[in-house]
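The hints should help you fit chain A onto chain F, whose structure is shown.
Protein sequences appear in the order of chains F and A.
Quick note: the first sequence uses the numbering used here, first residue 1, plus one each step.
Quick note: the second sequence uses the numbering used here, first residue 1001, plus one each step.
What the hints contain is simulated information worked out from the structure, not anything from laboratory work.
Keep in mind that a hint or two might mislead.
Said to hold, decoys possible - Think about it this way: if two alpha-carbon atoms lie no more than 27 Å apart in a straight line, the pair counts; the simulated BS3-like pairs of lysine-lysine are:
(1) A:K1124 / F:K33
(2) F:K220 / F:K33
(3) F:K33 / F:K57
(4) A:K1090 / A:K1124
(5) F:K57 / A:K1124
(6) F:K264 / F:K220
(7) A:K1124 / A:K1015
(8) F:K57 / A:K1015
(9) A:K1039 / A:K1090
Claimed, not checked - Footprint (simulated), chain F over chain A, 3 or more residues, beta carbon under 8 Å:
(10) 1018-1029
(11) 1046-1056
(12) 1091-1103
(13) 1113-1125
Stated by the list, open to error - A short list of chain F residues far from chain A (calculated; beta carbon distances all over 10 Å):
(14) M1
(15) G71
(16) I82
(17) D88
(18) D107
(19) S121
(20) V124
(21) V149
(22) L157
(23) N236
(24) K264
(25) L266
(26) R277
(27) G286
The C-beta atom is built at its ideal place from N, Cα and C for all residues, glycine as well.
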Amino acid sequence: MSAYSLWVMEYAAVPDYPQSGLIYGMHNQGTRKLPYCYVVIKGQGQLAMVDVGYNHKAHGEVLANTYGVRGWHSPREVLGEIGIQPQDVSNIFITHCHFDHMGNIEDFPNARFYIQERELSKWVWTMSLERRFRWLMLGIDPADIMRAVDLARQGRLVCVDGDRENVLPGVDVHAAFDTHTWGSMYVTVRNDLATNSQSSFVFCGDLAYGYENLRGHDPKDPEYIPIGLATGSQFNVIMTAEAMVKSVGGDVHRVIPPHEERLKDLYPSRITKAGLRITELALADGEKSQVA
Amino acid sequence: MIDEATAAYIVENQKCFEDLKQVASQLAGLLVLAAAGSKEAAPDHPTLGAARERFREADDALRRARPTDRARPHYEHLAQAAALIGAALKESREVLNVDRILIPLRAGYTELEHAADALPGFQKIAYDRACCGGARIQ
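Next up, chain A with everything else stripped away, as it sits in the complex:
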């Protein structure tokens, strides 16, 4: 059972979780292009600008979060994810060095996955909108 205060924490922090996931995806997407040799992949790519802006919003939201005891493990994973994804973003300022960016990025995303497992209401992917979505049973 989730108590009311924890439920409120879940609702308030869903956007922060989604934003961090999106930032990780944006950066990873650019790394795929960079690793595949695409000329599009550069530190001035508009996707990176959008990612930095979104990260700032997520980071602000995280500072405002007030986790309950039940939500504490989730919050800690989320905070760790933000630190690592933030480090990956910093690495991307001048050169898209795939190896240097990927290490904190992957670790950050793993923290997000742990966060998703720590409380209900945080989805790793939007199953509802995927091919399996029509089969939802609860």
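Only chain F is shown next, with the shape it has when bound in the complex:
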């Protein structure tokens, strides 16, 4: 039984991203493609997403010209490939508040957004610090904060404090405090809806960029290797990796890093006319494949 269809939707990519930025210690070891993706969860009468991508109007030109980000397409175009409209999305889980994960809030006018309260309150604390602490503001777009104010005014911002089960049937959120960011979280989909699920997926945001973070360089002798960028502690990143991998029964490939290009080697996928990949992790009972 599959309660939900799950798709990873690429919306832009950096063709040549230094591996050292993703996997701790991989200095001078070349580059890899870094896709920018969000996740669609559809089933049980629900249409939800994990993260929403960055705001092209605000950042597209700089990211394209200075950072080599290519192929950005709007949620309308990207989601249209699987027959979904942004206005139909009802629930969105923001894994953390970096601009490339929450910048497109305005494109989802009917969605309720779930964010860890700590992610918001620690922003505010960080902003009160002297200028010499500005590194701690990395990846935060002040315009996103103002959009979050609007969400709160409209009653569409849900501040979560820690773990919460069954936010949607079989969909849980888990706090990962002081890791990649102050209040990161990951999302678990128990796709058989069972308490002790045998078919869970974990959507980890930037708590892992690639599978090396979750199993090291030698799959026969696995180890956790921290990500290349953490505001919090690498110890917490590693312990969160353990929690995520345990929650999927040790099958690291059921932990889904949205920036991992090699998902295509594990799950069926297709490339759209716009050159973007759609990866299909699961199909709800009765749902038609979008990649066949």
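Showing chain A alone in chain F's frame:
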């Protein structure tokens, strides 16, 4: 091409731009908490004190700025941003009324975004320190 006088203007006014951006962020952050119903969000929150101090520094710097013709549009956006963000700060003195503060604040931040687009050297966010930072190509 940027002439020398304009380059000097850019260097001298980066801190002013960053300070205004920081003040806008601080105020917006408090508004999120206020709109979400947090008890922490009040006019005596230490973040607001820091914001007012930083705004004074930015405002002083703006008065000292000497824009070239090339820098004039940037300066005008920056000055407009300061006026609007200053108005938002004034609104926050006694009560954190989200609706009344957000209108000038958002307009002020939009002016900052226009300023960032008007001259090189003024970043809306610190891309270099974000996830994409490692991909810098120029």
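Verify this label for me: G286 of chain F is non-interface relative to chain A, using a Cβ-Cβ cutoff of 10 Å. Answer for G286 of chain F: holds, closest chain A Cβ roughly 37 Å.
Tell me if the straight-line CA distance from K220 of chain F to K33 of chain F falls inside 27 Å. Holds: K220 of chain F and K33 of chain F sit about 25 Å apart, inside 27 Å.
If you look at each residue in the stretch 1046-1056 of chain A, do at least three have a Cβ nearer than 8 Å to any Cβ of chain F? Our answer is that it holds, as 4 residues pass the Cβ test (under 8 Å) against chain F, meeting three.
Given as non-interface: V124 of chain F, which should sit over 10 Å from chain A by C-beta: violated, 4 Å
Against chain A, does M1 of chain F hold up as non-interface, every C-beta pair farther apart than 10 Å? holds, 36 Å
Check the hint pairing K1124 of chain A with K33 of chain F against an upper bound of 27 Å on the C-alpha distance. Status holds; Cα separation ~25 Å.
So if I understand the rule, the pair passes when the alpha-carbon distance is 27 Å or less; does K57 of chain F with K1124 of chain A pass? holds, 12 Å
Assertion that D88 of chain F lies outside the chain A interface [Cβ separation over 10 Å]: holds, 25 Å
Has the given pair, K57 of chain F with K1015 of chain A, been kept, meaning a C-alpha gap of at most 27 Å? With a Cα-Cα distance of about 25 Å, the restraint between K57 of chain F and K1015 of chain A holds, given a limit of 27 Å.
Proposed proximity, K220 of chain F with K264 of chain F (alpha carbon, max 27 Å): holds, 21 Å
Taking the closest pair, is the beta carbon of K264 of chain F still more than 10 Å from chain A? Its Cβ never comes within 10 Å of chain A, the nearest being 21 Å, so this holds.
Chain F covers the stretch 1091-1103 of chain A, three or more CB atoms within 8 Å, holds or violated: n = 3 at 8 Å, threshold three: holds.
Comparing the model with each earlier hint shows violations of hints 19, 20, 21 and 22; every other hint is respected.
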